[in-house]
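**Q** Going left to right, the sequence shown walks through residues 1 to 290 as my numbering numbers them.
Everything labelled a hint here was simulated from the structure, so no lab data went into it. Incorrect hints may have been included.
As the list claims (entries may be wrong) - In silico DSSO-like cross-links for lysine-lysine, where the CA-CA straight-line distance does not exceed 30 Å:
no. : residue 1 : residue 2
1   : K74       : K152
2   : K162      : K207
3   : K37       : K144
4   : K81       : K152
5   : K203      : K81
6   : K268      : K282
7   : K282      : K73
8   : K190      : K81
9   : K190      : K137
10  : K46       : K259
11  : K268      : K289
12  : K27       : K46
13  : K257      : K37
14  : K73       : K255
15  : K37       : K175
16  : K203      : K183
17  : K28       : K257
18  : K289      : K255
19  : K212      : K97
20  : K97       : K46
21  : K268      : K46
22  : K28       : K148
23  : K233      : K203
24  : K207      : K148
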Amino acid sequence: MQRKILLIISIFVFITFSQTTNAQSKKKSDAEIEGLKGEVMSVNEKYYIEKRIFFGLIPIKEESSYEHKIYNKKGKLVFEKDISDFREDNWNISYYKYDNRGNCIEQIDSNYEDGSYYSRLWQYTFNYDEKGNIIEKYVSLDGKHIEKYSFKYDNNGDYIEKISSKFDDEIPPIKEILIRDNKGNIIERKEYSYFGNHRYVFKYDDKGNKIKEAFYNQGDTLSSGSLFDYNEKNDIIEQIDFFIYEIDTENNTLKFKYKYDSKGNWIKQIVYINGSIEFIAKRKIEYYKD
Numbered sequence: 001m002q003r004k005i006l007l008i009i010s011i012f013v014f015i016t017f018s019q020t021t022n023a024q025s026k027k028k029s030d031a032e033i034e035g036l037k038g039e040v041m042s043v044n045e046k047y048y049i050e051k052r053i054f055f056g057l058i059p060i061k062e063e064s065s066y067e068h069k070i071y072n073k074k075g076k077l078v079f080e081k082d083i084s085d086f087r088e089d090n091w092n093i094s095y096y097k098y099d100n101r102g103n104c105i106e107q108i109d110s111n112y113e114d115g116s117y118y119s120r121l122w123q124y125t126f127n128y129d130e131k132g133n134i135i136e137k138y139v140s141l142d143g144k145h146i147e148k149y150s151f152k153y154d155n156n157g158d159y160i161e162k163i164s165s166k167f168d169d170e171i172p173p174i175k176e177i178l179i180r181d182n183k184g185n186i187i188e189r190k191e192y193s194y195f196g197n198h199r200y201v202f203k204y205d206d207k208g209n210k211i212k213e214a215f216y217n218q219g220d221t222l223s224s225g226s227l228f229d230y231n232e233k234n235d236i237i238e239q240i241d242f243f244i245y246e247i248d249t250e251n252n253t254l255k256f257k258y259k260y261d262s263k264g265n266w267i268k269q270i271v272y273i274n275g276s277i278e279f280i281a282k283r284k285i286e287y288y289k290d
């Protein structure tokens, strides 16, 4: 069961990394990064974990979490609310503000859990080069600098290096290097940190969809990977994960089914792991009127 939960998490880690990393240099909106089509105003998404009664034959759905997002007309996220385990006494809310370049400059996070409430102010400041690329990003929490990011770009304006460091941390900075193909797709990502060095290798189809991902750990040894397949809307329909460990060589196959609205955005997603339904997501999407 723990492996299956990790696989479900890996779905969103994969989607988020593949979309966000490529989109960072292309300056896509938040809605575009999430693969949304049309002028989306809001998305309400509910997640269900398929749960089976022990020794029973009837599957039941266990409501897991709820997410609500609101976007402005430029596709930037301005409000986000998460409720864990569908408990109204356990939620997170975030508000976002942007500069005239479309970069987030302020984020206010509020959290309520088990009767306790607190709010924190995140602020972001940027330095740009003459081409308008972000070369430095500073993160402040409640008025105090806590983190800095530095970026380098290639001649196409795609970022190829990122260094992140924390002000009050003795751990050395983390360095990330990206190698891209002639289409700007990331084909290799190398990470260097105090905890060890590792790298990811990627392959794509002719539409730019990632079809293979391989992870090499310390010592450059292949540790795990995934294979992906997509439908005509470029939504993932199959993910095959493989693991190379001496004590764990179990492979898993994830399959996805969708239902779409008239704009081409999915409003229902069913995830199968090794042939069994394990996860269901439903979305209600509202659009800005023309």
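**Q** Determine for every hint whether it applies to the structure shown.
**A** Do the hints match the structure? See the list:
1. Straight-line distance between C-alpha atoms of K74 and K152 comes to about 26 Å, which keeps the hinted pair within the 30 Å bound.
2. Note on K162 and K207: the hinted pairing holds, with a Cα-Cα distance of about 26 Å set against a maximum of 30 Å.
3. Under the criterion of a C-alpha separation no larger than 30 Å, the hint pairing K37 with K144 is inconsistent with the structure, at around 38 Å.
4. This hinted pair does not check out: K81 and K152 have alpha carbons roughly 33 Å apart, beyond 30 Å.
5. As the CA atoms of K203 and K81 are separated by approximately 34 Å, the hinted pair breaks the 30 Å bound.
6. Our distance criterion of 30 Å between C-alpha atoms is met by K268 and K282, whose separation comes to about 4 Å.
7. Our distance criterion of 30 Å between C-alpha atoms is met by K282 and K73, whose separation comes to about 23 Å.
8. Our distance criterion of 30 Å between C-alpha atoms is broken by K190 and K81, whose separation comes to about 33 Å.
9. Restraint check: the Cα-Cα separation between K190 and K137 comes to about 21 Å, which is no more than 30 Å; the hinted pair holds.
10. This hinted pair checks out: K46 and K259 have alpha carbons roughly 15 Å apart, not beyond 30 Å.
11. A threshold of 30 Å between alpha carbons decides the hint, and for K268 with K289 the separation of about 23 Å falls inside it, so the pair holds.
12. For the hint linking K27 to K46, the alpha-carbon distance of about 28 Å falls within 30 Å, and the restraint holds.
13. Pair hint K257 plus K37 holds up; C-alpha atoms about 18 Å apart against a cutoff of 30 Å.
14. In summary, the hint linking K73 to K255 is not supported, as the alpha carbons are separated by about 33 Å, beyond the 30 Å threshold.
15. Distance restraint check for K37 and K175: the Cα-Cα separation of roughly 34 Å exceeds the 30 Å cut-off, and the hinted pair is therefore not satisfied.
16. Proposed proximity of K203 and K183 is supported: the alpha carbons are some 12 Å apart, at most 30 Å.
17. About 26 Å separates the Cα atoms of K28 and K257, which keeps this hinted pair within 30 Å; it holds.
18. With a C-alpha separation of about 34 Å, the suggested pair K289 and K255 falls outside the 30 Å cut-off, and the hint is violated.
19. Only pairs whose Cα atoms come within 30 Å are accepted, and K212 paired with K97 is rejected, the gap being roughly 36 Å.
20. Only pairs whose Cα atoms come within 30 Å are accepted, and K97 paired with K46 is accepted, the gap being roughly 26 Å.
21. At most 30 Å may separate the alpha-carbon atoms for a hinted pair to count; K268 and K46 meet this at roughly 10 Å.
22. A C-alpha spacing of about 22 Å is found between K28 and K148, which places the hinted pair at or below 30 Å, so the restraint holds.
23. A C-alpha spacing of about 19 Å is found between K233 and K203, which places the hinted pair at or below 30 Å, so the restraint holds.
24. Distance check on the hinted pair: K207 and K148 sit about 34 Å apart at the alpha-carbon level, beyond 30 Å; violated.
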